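With the sequences and hints as input, model every part of the structure.
As they're listed, the protein sequences go chains G and X. Taking my numbering, the leading residue of the first sequence gets 2, the next gets one more, and so forth. Taking my numbering, the leading residue of the second sequence gets 234, the next gets one more, and so forth.
Treat the hints as calculated values from the structure; they're not laboratory data. All of these numbers come straight from a predicted model, not from anything done at the bench.
Derived pair list, reagent style BS3-like, types lysine-lysine, alpha-carbon separation capped at 30 Å: (1) X:K294 / G:K10; (2) G:K10 / X:K358; (3) G:K10 / X:K381; (4) G:K11 / X:K358; (5) G:K10 / X:K388; (6) G:K45 / X:K260; (7) X:K260 / G:K39; (8) X:K332 / G:K39; (9) X:K294 / G:K43; (10) G:K39 / X:K294; (11) G:K45 / X:K294; (12) G:K11 / X:K381; (13) G:K43 / X:K260; (14) X:K380 / X:K411; (15) G:K39 / X:K261; (16) X:K415 / G:K11; (17) X:K260 / X:K333; (18) X:K380 / G:K10; (19) G:K10 / X:K411; (20) X:K327 / G:K39; (21) G:K11 / X:K294; (22) G:K10 / X:K415; (23) X:K380 / G:K11; (24) X:K327 / X:K388; (25) X:K261 / G:K43; (26) G:K11 / X:K408; (27) X:K261 / G:K45.
Sample of chain X residues lacking proximity to chain G, with all beta carbon distances greater than 12 Å (derived): (28) L374; (29) S417; (30) G477; (31) S479; (32) I494; (33) N659; (34) K683; (35) G695; (36) T696.
Ideal placement from N, C-alpha and C gives every residue a C-beta, glycine not left out.
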Amino acid sequence: MIDFEEELKKFHPSLEVEDAEEAIYGQDLTDMADLLIKMVEKTKTEEE
Amino acid sequence: MNCYNCGCRLSEYDFCTGCGVDVTIYKKIMFMSNRFYNDGLEKASVRDLSGAIISLRQSIKFNKNNIDARNLLGLVYFEMGEVVTALQEWVISKNLRPKKNIADDYINMIQANQTRLDAINQTIKKYNQALMYCYQDSQDLAVIQLKKVLSYNPKYVRAHQLLALLYINAEEWEKAQKELQKCSQIDTNNTATLRYMREVEHMLMPEEPAKNTPRKKKTAENVVRYQSGNETIIQPVNVKESKGVSSLLNLGIGVIIGVAIACFLILPSQIQNAKAGINDELRMVSEQSDAKTATIDELEQKVQKLTDEKAALAEELAASQETDDTLKATDGLMMAAGAYLEAPDDIEKIAGYLEALAAEDESSEAENGENAEDNRSESFVALYDNLVKAVGPRLADYYYNIGRTAYFDEDYDTSIPNLQWAYQYNSANNEALFYLGNSYRGIGELDTAKEIYAQVIDNFPGTRTAAQSETNLAEINNAEQQN
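So this is what it looks like as structure tokens:
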């Protein structure tokens with residue numbers, strides 16, 4: 002049996018056009034490659 | 234694939250040939266990103282948009298510079314009605330690769346038409362407003378808003394899902410099913426859609442396999458309300474129909490209607506056909522009657538014509554008979570005259586011709602009803618008179634002798650005609666007349682005898698024959714009186 006209230010919580014407001022710019026700027030684009038590079042640099046730094 | 238350190242193009246080795254750094258893990262990360270991209274592409278091609286989103290997001294998590302994955306992700310978002318999210322990905326994609334990027338075309342497609350952009354914005358605002366109504370428990374308003382949203386953007390999956398959820402909450406299973414079916418058409422493997430669909434199908438088909446079985450639900454208002462196909466049927470509870478009486482009544486009404494239809498629709502046409510048939514027969518009979526009448530008239534005319542011809546022929550025949558009779562009479566006279574001229578003394582022969590002439594006259598009178606003497610010519614009469622004058626007395630004597638002899642022999646049948654001839658040729662012969670009277674008395678013709686006696690008395694008074702006639706007459710009268 003579906004609980005309406007519980008299901009309703011899963012629905013979030015959509016981004017409006019005015020909010021798109023802020024959402025783009027606020028997005029974290031760090032990916033695995035970036036993490037790998039950070040890890041390699043950190044390792045290098047620690048070795049040095 | 235380029236080296237993350239120096240940007241040199243990587244080879245098949247696990248190190249960069251430019252700077253020498255170890256690129257094993259880096260390559261694996263890139264491969265994973267590409268792997269997820271391929272998976273996302275495959276899912277998107279079969280319309281598993283939710284699965285494609287997951288795979289593509291994983292792809293860009295491994296490698297944010299996977300432009301193809303990002304562009305495809307934007308495309309998938311756009312197909313699901315998440316326009317702003319799609320724009321977001323395309324903008325990022327364009328920033329990561331400004332040139333030779335299809336994301337540029339996608340962005341221009343949306344932003345070029347300001348009206349369309351405003352409509353998209355309004356759609357999103359209405360969706361958010363509908364969500365707010367849901368939180369405020371104004372579900373009817375939320376339904377109205379969502380319907381408007383979906384009219385602008387029919388591919389907005391989340392709006393369909395929210396609307397379906399509202400219908401499920403209102404237990405309008407059929408409507409919920411419709412919305413969920415639309416979701417499935419856009420995004421086949423959406424988890425929420427599948428979950429809602431299962432709930433709805435369970436409610437529509439609780440235990441029976443039949444699809445259109447209605448499900449009844451009792452409300453607090455003492456009515457039964459259930460869905461049958463696309464219709465909502467509300468039926469009051471505890472309403473019993475008297476089946477027997479109503480069915481009989483309906484049957485009676487049906488019979489009356491049938492009879493009325495037969496009387497007003499079928500019967501007049503049949504009567505009309507019968508009348509037409511009768512009129513045809515009547516016309517046929519009239520024609521036959523007219524034909525027969527015409528035949529009858531024709532035959533009557535023929536009959537009349539033949540009758541006229543017959544009358545004319547009869548007249549001719551009568552005329553010819555008269556002529557014939559006259560000729561016959563003339564022949565008889567000529568023969569009598571010829572016999573006298575040849576043998577004047579042969580009285581017997583002459584008497585015979587004259588008797589024959591008299592017999593012809595009698596037969597002619599009997600046939601025609603006319604007196605033969607009236608048709609005699611003057612020459613005929615003159616010749617006859619002369620002949621009678623010449624031989625009359627001798628004929629009288631001839632006949633008197635025969636008649637008298639026959640009278641005395643009591644042969645009255647012979648005496649009567651001869652005595653008649655004798656008196657005819659000699660009217661002075663009273664004895665011939667007297668004997669004639671006695672002959673008639675002898676054969677019993679008393680009336681004729683009395684007439685002849687009277688003639689004797691009148692014509693020959695004072696004679697013996699007159700006296701004898703008176704005596705005989707008295708005897709006859711006395712005999713009659715005594716009888």
